[in-house]
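Trainee: The task is to assemble the complex, starting from two chains supplied on their own in separate frames and drawing on the hints.
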Amino acid sequence: MSAIAIPHPPLAPKRGLSTWQTWGLILLAPYVLVFLVFVLYPVSYGLWLARHPESYKTLFEDPVFFTTVINTIFFLLVAVNLKFILALYLSGFFVHERRWIRWLSVIFIIPWAVPAIPTVYSIRFMLNPEWGVVNSLLFRWFQIDGPNWLTDPQLAMAMAMLVHIWKALPFWTLILMAGRLAIPKELYEAASVDGASAWQKFKYVTWPSMRTLYVTSTLLSLIWTLGDFNSVYLLTGGQPADKTHVLATLGIRYIRLDQLDHAMATIVVALPFVLPMVYFMMKRLSGDEQKTS
Amino acid sequence: MASVSFSQIQKSFGKTPVLHGISLDIADGEFMVLVGPSGCGKSTLLRMLAGLEDITAGSIAIDGRVVNELDSKDRDIAMVFQSYALYPHMTVRENMGFSLRLREEKRNLIEERVAAAAKILNLGPYLDRYPRELSGGQRQRVAMGRAIVRDPKVFLFDEPLSNLDAKLRVAMRSEIKALHQRLKTTTVYVTHDQVEAMTMADRIAVMNEGRIEQLGRPLELYDRPANLFVAQFIGSPAMNVFDGAVKGGAVEALGARWPASFSKSGGLEGQRVKYGVRPEHLEPASSGIAAEIVVVEPMGAETELVVKVGDTSLIVMTRGRSTAGPGDRIFLAPDPAHAHLFDAASGLRI
Ligand SMILES: Nc1ncnc2c1ncn2[C@@H]1O[C@H](COP(=O)(O)OP(=O)(O)OP(=O)(O)O)[C@@H](O)[C@H]1O
Ligand SMILES: [Mg+2]
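In the order they appear, the protein sequences are chains A and B.
Per this note's numbering, the first sequence starts with residue 1, numbered consecutively.
Per this note's numbering, the second sequence starts with residue 1, numbered consecutively.
Fair warning: there could be bad hints in the mix.
Per label pair, the in silico range of CB-to-CB distance [unchecked claim]:
id	chain 1	residue 1	chain 2	residue 2	range
1	B	R182	A	F93	41 to 47 Å
2	A	L86	B	D54	28 to 34 Å
3	B	K167	A	L181	35 to 41 Å
4	A	G92	B	Y130	23 to 29 Å
5	B	E104	A	I144	47 to 53 Å
6	A	V278	B	L102	38 to 44 Å
7	A	F35	B	S38	53 to 59 Å
8	B	D54	A	P208	56 to 62 Å
9	B	K167	A	P208	55 to 61 Å
10	B	E104	A	Q154	41 to 47 Å
11	B	L102	A	G92	18 to 24 Å
To spell it out: a stretch of chain B is covered by chain A in this simulated footprint if at least three of its residues, at any positions, have a beta carbon under 8 Å from a beta carbon of chain A; those stretches are [as the list claims (entries may be wrong)]:
id	region
12	166–172
13	270–278
14	303–311
Treat the hints as calculated values from the structure; they're not laboratory data.
If you're wondering where the values come from, they're calculated on a predicted model, not measured in any experiment.
Each residue gets a CB set at the ideal place from its N, CA and C atoms; glycine is no exception.
Chain B with its partners taken away, still in its complex shape (with noise of 0.2 Å):
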């Protein structure tokens, strides 16, 4: 166990930067996420953390020790990749023993780690098998078994789940959650899929381009986002966002009045913003803004509409079911303590 500390990162290939000046400390016990779009530099981060690619600039720190200098294989790290990287001609129990027999441990340490690892991971009763011989889901729970049966200061996932169905990956991801609160092993997570960020994390990193947008728990990125980018990444579905002007106590946009809050008092009047609101915030009521539906969509537990209020669609989502068919007229009322106010120009929030 361990706490990991990024400071000023920088990285290129080549004249290319990817990576501007990262700064990031992770506590010992710690679940952090990497999130962000693809190609925004969070499987490189993780990789210099794993020693697989050099620091341009900038060092990396595992437990207080910098380790720029340090092969991977003295980081003690141990790494699950997305094509999870089992070596095709040993079997799950040498794969799993692998970096122990490395270490020259005794052969029967060997032995009772990896049993203990399988069991952990149900997969006893694939130990003689070879990886070709395994569905994804099982690959995926030997490469995780690598990784466990170290015992390292680290983990490092990079997208784990991507090769599997969807049902698959919700199930791995509990089980990626409930083996972390089991170990407490210090666990960097690269993900590009915000469920996953948001479900799994103690806190998470939103990355774009090369830069942190926010750091910060996930119902905090979700109930404060720093900004448009975070505030759009982060929920599914998105935020709805439009652009509209300060008038009164309340935002003028899309030919209505948008109730806001107002942390900064005053000042504002007239200002250009964009209004963000998030579909569940959007509850159909008996008076507000009107909006026509144009598609119903049911999903039993809830429904979600898209309504045009003027020439803009909208996202509605609503609790329970919804005797309403396109066409129709509702009325929106946002509930100001919800709505989230961006500055038009830098779009950081205000």
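Isolated chain A (complex conformation) (with noise of 0.2 Å):
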């Protein structure tokens, strides 16, 4: 970091404060404010609410806490390493310079753009086993019946990590592409004359250049998805039997069952998870950048 030459005002007499610093002072003063309103207030409310050791011993206890744990740990490994395997190979598709790939790229970004409560309510809509869209045309061309894609757990949470990746693909397809977009058209160029094939371009050019975005990328979706609380709960609720839960879900039904406590318990369970995840995407993206860029 170069130094930033910023012109001092003349000193004013040793009298407490320069207009300087006081300047200073007042333009700081809105963001302590907020952050004091609406992070740390919140933010011990909900770890005074949840101080109780009790509150931890029956949420333990709950088995629908642990069923809930494993549903957690197996979306965000599958869902979120699914996603950016596709949205690397989609980024690779959509940075070439054609019309149609341009106007296709408007298309599918659209998933990301709509509402979400509307639109996997119409998913979970389309997938009702008895007259959703979905199994009725396999009824009709395949006189097939469809399974029961929300009443089974396990095709439960499959569904919901479907939906989940198609609603968070168009955003991180739309990074990566920026991250591709940033590598010089000669390094490529400079390969096919070195001899490299698609594969090794992708393996000695684009994946060295794109690693730090990948894995930043994947940490920040990892943060994020813990915290998708539509993918699940607008489709399956939870349900059947309360099997479909992750943490996020998790909250909203002990708040329902009247139990604020173990909600916030739920939270604070999570943030062993979360916080490594925080602080190692911040190093990342403070510090190691230099070394890989």
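Mentor: This is how it looks when you write it as structure tokens:
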């Protein structure tokens, strides 16, 4: 970082703060205020609610909690990685400079741009085993009874992941596209002349340039996906038999059961996952970048 | 090592034609320079040879084999890019050995070749550095090193020196030339700098607007430019050119008679022509065409004078130093053997 030369105003005589410093404090105040009101206060209040050890005892003894933790880990590992592999692949397709690909990319963005609640609900209706459009079509075209998409726990989880990927894929594809577009075209040309195949160009040119972005985005997505409430709750509501909850939806279940302290406890339980990821990511964003770029 | 042959090459980007039928044969071991103003299509032609652009029409052959349908990677060429295009995540050593590694050569052979190239290019101390840790000139040498370790059939250079400062450019110019004399690999070198072209080339192809204006050895182009474009493009400072008419074995122009030797005797009387004479062939003399000095630019070994004949400014180059100052009158005595005549309409040499 190079120092930025800020012209210093003439120093006021030593009498409390200089005008420069006073202005600094005045301009800083709104940020501090926002932080106190919207971050520090609610977080402390939540921790305060979740302070009783008994909350955790009952939480850990609740069989739903155990299933939820497994679901969450599974959801994170599978959905996030699948999403990123797809995004990495698709970003390579969408960076091609063809007019029809431009148009296709606009259509491709839509799932990300539309509001979540109506779309996830409509998917839910489409997947209804009795009158949903999916099973109706399956029956009409192939004369087969479609599966119980949302009432089989495993299938319902898979569908929730699918919804999550469908919804978040465009965004991450765009991010990875930006990463690909930042790679100079000559590097690929040099690699062609050097004798590289398409796969070797990916391995030696694309991936080394994208690695940092890819890993950082994956981390960020892990954090966001941990908080993704819509894909699961709107699709399955945690049903059947509370078997498809993830940590994000479990809190709501406890709030509905009027157990606010349990709801808070689920969030606290997630912290040991989240905080290391946040820390790791901030570290990558601040320090490591220079080494790999 | 190989010969290269372009025949009737055309190129369009979309509907815009850029190259209009270029034919050019480059001999085995030759150093061919493509020179021309910006946008004339030099890079495009080079990139077509490299397999980085499709060929709209015509064919390109390397060593007698048509390569139109061949991928870059199968053409056995090496290219040095203007931006160098070094792989940022690889060390100098890895950059230079990359093509051999892709060919799955033995590790010690790669080591050996890289070490040999590093020695030629004085890159030894930098082998374990990353490109971002090198100066522009060092990067340029790595880019060349990457090309020479491969021992390719043809070297391609696209303005490899244009990102360097003037002094380094001159130094690298001789390095590249020395390298070529040592390796004798067929080379196609693109530049818009005519001095680079003159000093480095075995032969030069002067390009303009997608065509080759003239092809020849550097001094051939200098002494007998085929048309006005080449006359004014080659040589620095540029040739003086002005309108005139042939009258009685000389050219009347700017209110004076300019001597010329006519290769085509007769039939020219009265014809409108362009008279061209290089600044160094306009040495001041004790008598001749009167001119008034406007500016004196001493450069040490020689002096450049801007003079006026009538209302037209001409550039005069004199050997040694001049005691004359602005406002002085001098006489110019052009040597008829060094006068160039061009058809006023077509611009072709007469
Ligand atoms: N990818 C492209 N799409 C459309 N037009 C192009 C493309 N590449 C080059 N051109 C056009 O083709 C012409 C020749 O370009 P080229 O890059 O070969 O010029 P050049 O002689 O190398 O010039 P310079 O000295 O500036 O590098 C230019 O008019 C340019 O605008
Ligand atoms: Mg160019």
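Trainee: I'd like to know which numbered hints this structure contradicts. Please list them from smallest to largest.
Mentor: Checked against the structure, the hints that fail are numbers 8, 9, 12, 13, 14, while the rest are satisfied.
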